[in-house]
Amino acid sequence: MKDIGTHLFLFLLASTAIVAITTMLAEPDDATARRVFYHRWKKFILTSAAVALVMILLGYTLASI
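When you read off a place in the sequence shown, starting at 1, and then add 35, the result is the number in this note's numbering.
Any given hint could turn out to be false.
Now the in silico label distances, taken between C-beta atoms and shown as ranges [claimed, not checked]: (1) MET90 <-> LYS37: 17 to 23 Å; (2) PHE44 <-> ALA66: 25 to 31 Å; (3) LEU93 <-> LYS37: 28 to 34 Å.
Just so you know, the hints here were simulated from the structure itself, not pulled from any lab data.
In this text, a Cβ means the ideal position worked out from N, Cα and C, and glycines have one as well.
Build out the structure end to end from the sequences listed, making use of the hints.
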């Protein structure tokens, strides 16, 4: 858990780039892409957090068996 702030910053930076590129490729109109970007970015962050939480819980659960 060392340098958690740096890792969170890098994750947010990479996720912003990933969502921006996929939004621009998925939406034919720039105005529509701008409108849906925040929703897609928030969904990506929350889904990634859920996956990380499941991985941490499984790690603790399976490590104690």
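Structure-based check of each hint:
Taking 17 to 23 Å as the suggested C-beta distance range, the pair MET90 and LYS37 conforms, at roughly 18 Å. Remark: the range hint 25 to 31 Å for PHE44 to ALA66 is upheld by a beta-carbon distance near 29 Å. Range check, LEU93 to LYS37: about 22 Å between beta-carbon atoms, so the 28 to 34 Å window is missed.
The structure is inconsistent with hint 3 alone, although it conforms to all the rest.
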